[in-house]
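Asker: Line by line, the protein sequences give chains A and B.
With positions in the first sequence counted from 1, the corresponding number in my numbering is that position plus 5.
With positions in the second sequence counted from 1, the corresponding number in my numbering is that position plus 6.
FYI, nobody ran anything at the bench for these hints, they're computed from the structure.
Don't be surprised by glycine CBs; every beta carbon is placed ideally from N, CA and C.
It cannot be assumed that every hint is accurate.
[As the list claims (entries may be wrong)] List of simulated lysine-lysine pairs, DSBU-like, C-alpha gap at most 30 Å:
1. A:Lys157 - A:Lys24
2. A:Lys24 - B:Lys176
3. A:Lys24 - B:Lys164
[As the list claims (entries may be wrong)] Interface residues of chain B toward chain A, partial, derived using beta-carbon atoms under 10 Å:
4. Leu16
5. Ala62
6. Arg74
7. Phe76
8. Asp152
9. Tyr153
10. Gly185
11. Pro188
12. Asp236
13. Arg238
[To be verified] For each label pair, taking beta carbons as the anchor points, the in silico distance ranges come out as:
14. B:Arg43 - A:Ala137: 52 to 58 Å
15. A:Arg42 - B:Ala26: 45 to 51 Å
16. A:Phe62 - B:Glu77: 18 to 24 Å
17. B:Ala26 - A:Asp164: 38 to 44 Å
18. B:Ala99 - A:Asp60: 51 to 57 Å
19. A:Phe62 - B:Leu119: 33 to 39 Å
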Amino acid sequence: MFGFSRSNQQRSQFEAQLKPWLDGLYASALRLTRNERNAEDLVQDTVMRAWRFFDRFEQGTNFRAWIFKILTNTFINGYRRNTRERSLQDESERQSVEARFFSADQTEQAQNPEEYLLERVMSEDVLAAIDALSIDFRMVVILADLQEFSYKEIADILDVPVGTVMSRLFRGRKQLQKILMEKEAAPAPMGREPVDLNAFRERKKLA
Amino acid sequence: MTCRDLDTQLTAYLDGELIAEASLSVENHLASCEDCRRRVEIERHNLNAIRQAAKAAAPVAPEHFKARLFENLRRDGDQQRRASMRRFAALAAGVTVALVVGHQSYRSYQRRLYEQDAAFRHARQLPLEITQGNEGVQQWFGGKVDYRVNVPSFPNAKCAGGRLLNVRDKQAAYIRYDGARPMGLFVYGDDGDVDVGAEPAMGNSHGYNVVSWREGDVVYQLVSDLNEDDIRELVPGTNAPTTAPVGSGTPQLDVRPASLKQ
Chain A
6 MFGFSRSNQQ
16 RSQFEAQLKP
26 WLDGLYASAL
36 RLTRNERNAE
46 DLVQDTVMRA
56 WRFFDRFEQG
66 TNFRAWIFKI
76 LTNTFINGYR
86 RNTRERSLQD
96 ESERQSVEAR
106 FFSADQTEQA
116 QNPEEYLLER
126 VMSEDVLAAI
136 DALSIDFRMV
146 VILADLQEFS
156 YKEIADILDV
166 PVGTVMSRLF
176 RGRKQLQKIL
186 MEKEAAPAPM
196 GREPVDLNAF
206 RERKKLA
Chain B
7 MTCRDLDTQL
17 TAYLDGELIA
27 EASLSVENHL
37 ASCEDCRRRV
47 EIERHNLNAI
57 RQAAKAAAPV
67 APEHFKARLF
77 ENLRRDGDQQ
87 RRASMRRFAA
97 LAAGVTVALV
107 VGHQSYRSYQ
117 RRLYEQDAAF
127 RHARQLPLEI
137 TQGNEGVQQW
147 FGGKVDYRVN
157 VPSFPNAKCA
167 GGRLLNVRDK
177 QAAYIRYDGA
187 RPMGLFVYGD
197 DGDVDVGAEP
207 AMGNSHGYNV
217 VSWREGDVVY
227 QLVSDLNEDD
237 IRELVPGTNA
247 PTTAPVGSGT
257 PQLDVRPASL
267 KQ
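Here chain A stands alone, though its shape is the one from the complex (with noise of 0.2 Å):
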């Protein structure tokens, strides 16, 4: 009657429904806040948030899409605040996606000859070098690379044209491929690299 009222019944169900996708939602949390209390709290937040509009989210739909969506919406109007990161998204909207395709590419591709990375490259190099990308393109690169989700589905979480998705992920994948190729290139780059991979590894360490 007054819209909060839950039975236990619909909690179970939203239970049910959240269990198989939270450590999806945890791993893609550290991926975008890249701090482990801050990833939690994120989580936390999604799932309330999620709980609290169960009653609008259609069942029978993409519940996985649904509430990576409100971790995505969560995520941009509270943590990305504090993070203090410039977002490419108004510049990369300004522009056709088209035209920043291809001139992405061709600068991109310039500086950057294709080669083989490793076979077997260090799983916590390509957490790191994630964890370096700015954020408009880490979105798109743990959804599509980490979550597997099809573009249709990033670009209803991000709210985006699936272009834009297409576009972002082609560079996101190859400022990642670039940055591990350098880390493979000079193995002690400490210093040198934009995020702090002592600290990562004491993180790992206590996961």
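Could you slot chain B onto chain A? The hints should help.
Answerer: Relative to the frame of chain A, chain B by itself:
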């Protein structure tokens, strides 16, 4: 398709996101272009290497965190349920209080309006339609109003007569008593809209004291310029204007039909 065209579609091609025709046209190009074939192979290898490495290191949500999360969820649900119960209870209580208070004050207000109008009409000393004693007046009202008018007797006051009039659009029987000071008694058939009980309540208006009480569905208002103490002697059990009706219930007024009195 040219090699440049492939650039724009490579990502989608590797992700299997191209529609069938586009995918076919990429494959046609690859079949004929050694460079692009190599590029696609490198890209696919790197993408897989990155994905696998990331997957291998995918963190899982700590158990203590999950436990806390579900506990919070449960508590939040309970809190919301309780909050909604509280909201409902508060709302229901608020509505009840508002209804009771509103109705109460409405009825008090109604009584006040009747007091005012009765006092006003008594002050005008309207001519009587019948000048007789208790019994004659009581008989005269019979059949003229749709409720039974009992004409009470008051000590040191004599029934002078009566008439019909309206008080606030409500038909009233008016009985005048002559004594030390003239008094007027208004008798209404009541629909329950005047807040008065069996116990006489004192009010005042237009320089008159007005005592109201109820006998079943009939409401009496005695208007007089006697002081309150004298009125209390006339109408035993009368309360002061500000005090709530407490104590002994019925007035010791003899309001039985005059015909039944000795």
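Asker: With reference to the structure, classify each hint as holding or not holding.
Answerer: How the hints compare with the structure:
1. Straight-line distance between C-alpha atoms of Lys157 of chain A and Lys24 of chain A comes to about 24 Å, which keeps the hinted pair within the 30 Å bound.
2. Pair hint Lys24 of chain A plus Lys176 of chain B does not hold up; C-alpha atoms about 72 Å apart against a cutoff of 30 Å.
3. Taking the CA atoms of Lys24 of chain A and Lys164 of chain B, the gap is near 91 Å; set against the 30 Å cutoff, the hint is violated.
4. At about 8 Å, the closest approach between the beta carbon of Leu16 of chain B and any beta carbon in chain A falls short of 10 Å, and the interface hint on this residue holds.
5. Using the Cβ-Cβ criterion of 10 Å, the hint placing Ala62 of chain B at the interface with chain A is satisfied: the shortest such distance is roughly 5 Å.
6. Against a cut-off of 10 Å between C-beta atoms, the interface hint on Arg74 of chain B holds, since the closest Cβ of chain A lies about 8 Å away.
7. Interface restraint check for Phe76 of chain B: the shortest CB-CB distance to chain A comes to about 7 Å, inside 10 Å, so the restraint holds.
8. This hint is violated: Asp152 of chain B has a C-beta 45 Å from the nearest C-beta of chain A, more than the 10 Å allowed.
9. For the restraint placing Tyr153 of chain B at the interface with chain A, the shortest Cβ-Cβ distance is roughly 45 Å, beyond the 10 Å limit, so the hint is violated.
10. Taking 10 Å as the C-beta contact cut-off toward chain A, the hint placing Gly185 of chain B at the interface is violated, the least distance being around 63 Å.
11. Because the closest C-beta pair between Pro188 of chain B and chain A is about 60 Å apart, greater than 10 Å, the hint is violated.
12. This hint is violated: Asp236 of chain B has a C-beta 58 Å from the nearest C-beta of chain A, more than the 10 Å allowed.
13. The criterion of a C-beta within 10 Å of any C-beta in chain A is not met by Arg238 of chain B, whose closest approach is roughly 53 Å, and the hint is violated.
14. About 31 Å separates the C-beta atoms of Arg43 of chain B and Ala137 of chain A, a value inconsistent with the hinted range of 52 to 58 Å.
15. One distance hint, 45 to 51 Å for the beta-carbon pair Arg42 of chain A and Ala26 of chain B, holds here, with the actual separation near 47 Å.
16. Between Phe62 of chain A and Glu77 of chain B the C-beta distance comes to about 22 Å, which sits within the given range of 18 to 24 Å.
17. At roughly 28 Å, the beta carbons of Ala26 of chain B and Asp164 of chain A sit outside the given window of 38 to 44 Å.
18. Between Ala99 of chain B and Asp60 of chain A the beta carbons are some 27 Å apart, a value that contradicts the proposed interval 51 to 57 Å.
19. Separated by about 57 Å at the C-beta atoms, Phe62 of chain A and Leu119 of chain B break the suggested range of 33 to 39 Å.
When each numbered hint is compared with the structure, violations occur for hints 2, 3, 8, 9, 10, 11, 12, 13, 14, 17, 18 and 19.
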